[in-house]
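Residue numbers (numbering that gives the first Met the number 0), protein chains in the order written: chain A, 0 to 357; chain B, 0 to 321.
It is possible that some hints are incorrect.
Unchecked claim - Quick list of simulated restraints, FRET-style, between CB atoms: (1) Ala303/A / Val99/B: 48 to 56 Å; (2) Glu273/B / Arg50/A: 27 to 35 Å; (3) Arg282/A / Val99/B: 30 to 38 Å.
Stated by the list, open to error - Some, not all, of what chain B presents toward chain A, calculated at C-beta under 8 Å: (4) Ser26; (5) Ala204; (6) Arg249.
Don't read these hints as lab results, they were simulated from the structure.
No residue lacks a Cβ here, since even glycine has one placed at the ideal position from N, Cα and C.
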Amino acid sequence: MRALVAEHVDTADPRRLANGWAVPDPAFSRALGAAGLIGMTWPKAYGGHERSPLERYVVLEELLAAGAPVGAHWIADRQTGALLLRYGHEDQKARWVPGMAAGEIYACIGLSEPNAGSDLASVRTTARREGEEWVIDGQKVWTTNAHHAHVMIALVRSEAGSERNAGLSQFVIPMDAPGVTVRPIIDLTGGHDFNEVFLESVRLPATALVGVEGDGWRQVTAELSLERSGPERYLSSTALVLQLIDYARVHPSESLTALVARLAAETWTLRLMSASVANKIARGEDPALEATMVKDLGNSFEQAIPELVQAAVEVDPAGPEPLGLVLGHLLQLSPSFSLRGGTREILKGIIARGLGLR
Amino acid sequence: MNEQQQMLSEMADGLFAEHGPTATVESGWPAIAEVALDGLLLAEDQGGFGGSWEEALTVFRLAGYHAIALPVVEAIVAAALARRSDGRGTVAAVTEGRIVGDRFSGTLSGIPWGGGADYVVAPAPDGGAIVVAAQAGTLDTGRNIAGEPRDRLTVQDAPVARLEGNPFALMALARVAQIAGALDATLALSVGYVNERKQFGRPLAKFQAVQQALASFACEAAAANCAAMGAAQAMSRGSAPFEIAAAKLRANRAIGTGTALAHQVHGAIGFTEEYQLHPLTRRLWAWRSEFGGDAYWSAQLGGPIVAAGSSAFWSGLTALTG
Ligand SMILES: Cc1cc2nc3c(=O)[nH]c(=O)nc-3n(C[C@H](O)[C@H](O)[C@H](O)COP(=O)(O)OP(=O)(O)OC[C@H]3O[C@@H](n4cnc5c(N)ncnc54)[C@H](O)[C@@H]3O)c2cc1C
């Protein structure tokens, strides 16, 4: 693993090593696919490798800690492939999953809409039946990687007049289907990761329905469990911790050593917590509450790191020192860490429910 | 947990709940000694239970949960290090003085419940550990900010025996487990209180600000418990110098958030002598300093990481956690 990463990861621009699970690099994804490191737990019949979830977990950790650019295939590997394998129609599984395992087919998540952010149950995009087909109309937003993705799984309202979390279903939408338009949204760093996706009379075959009609909310809740529990939820700023360690080596001081120790202690603890969640998932349990805690603690931690480093070190966050470059980059990205995948407030609401407070 | 661990946990839970924060050695210790709980980590052929570090974690955590005012934790660690099943031992935090041959002159301080103890295990000035008879010197009594006895023993030319092991680190691990337990108890007390106390016509628990505060607390308590477990598992595999450092640092951090939020949601009642929050929070504040505060453990953990450089960071960390 470490050798593969060393061979492929370009360290020329240290900023690319930060938040690596949002950095797409199709060539790297294909190399990982060829090495059998995508879809590791999926059935061999669909291009998978039938490895254990814990083997997969160790691989993910190594990739993230090394800052590998795994953004292109990340979503397909983490949730879309698993969702299709569990609920998808045979035709759809055969069409998409083997390419995902090969690191060639990428996916995006169609949940958020202009009026449905934290309040996801208020999605308005609709699906209506016309003969043997489904017709989708509406808009998704903040869709990460829609411009690289081949396929989206969207949560839409399939029952006219239904409200809240009733009457929702999930659909597989090919991104090249007529009526799908992707428009970039540029983030505050000038980067292009997320998009608006317009869906205008997109016609889909009956097999595009994922799982049971009207069961979308239950399915999406399970999908969010996958989305929230991985090691990427605390490792986004590890590249900066590594830079800090090397800086402290050259500029020894008690306060820098103490900061390194604090960050190491937190990383060690989060790794234990995250691995314990992975273990429970591997045993078939649903540790939803613990997974939510790991995401909340992890996001707060990766978000705090840039500020802590900025306070501890005199360095220009515009560069050219590598430490400064990574710092400046993460300072600007870090507000998104407690938004993407469910905001801090929403996560704490879930935890409070688990505590018996609501 | 297997059946034996379940029984141990239930026994300790019942015993500690019964004695709690108002126990005295005179009234409470006989019950502990009767079940020989102090022999938990001692091998069976030495007269102990032959328990694992995971089992010790369970007992230490419960001692913290019930804020028990008895030297259970110290006696278990002392017996394990001294390999003794007779009498009650305790562990000093600091040793000042000199060993000449098999004689020691100096002061042992930060001794929990030194009064009435039979022997004191202490860090040796030159590494490893020593054990001294408690009767060998003069005892000055003191208390930590939670009112727990923390004494000082001054000896002149007293016989000592050398022991293997690191009493300071093992007691730090024990404190991490106690912190984890005390944080869970503090959280449970806080959740119970906000569900009962009504203001503005509804329970405090129904206010989102209160919910979010206690959710943050729950995450911190979970982190401290996980850190304690990680360090105990590492001890079971052999030794755990870096894990204990990381665990004490992490648990210490959780104390700040946890105690502040617990007091905040309790309002004025939590600030009274009568209400049972302070036996937990005052202990947490005391334990944050005991057997190494942040400054000490930061140097222990951070120094080697910086020296090894960034390329060794992740592989070192994953080697730590197995
Ligand atoms: C980098 C990035 C990538 C993303 N990628 C995707 C993607 O690929 N696909 C996708 O579908 N979505 C994606 N999202 C969207 C993300 O899921 C939403 O941003 C998130 O769910 C919050 O919705 P919102 O932005 O509309 O904020 P809002 O819901 O409007 O919230 C704004 C603020 O109000 C708070 N708030 C809202 N409701 C409550 C409440 N009940 N109680 C207390 N506070 C509340 C929120 O916590 C937040 O702080 C991405 C977002 C980011 C930043």
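Structure versus earlier hints, numbers of those that do not hold, lowest first: 2, 3 and 4
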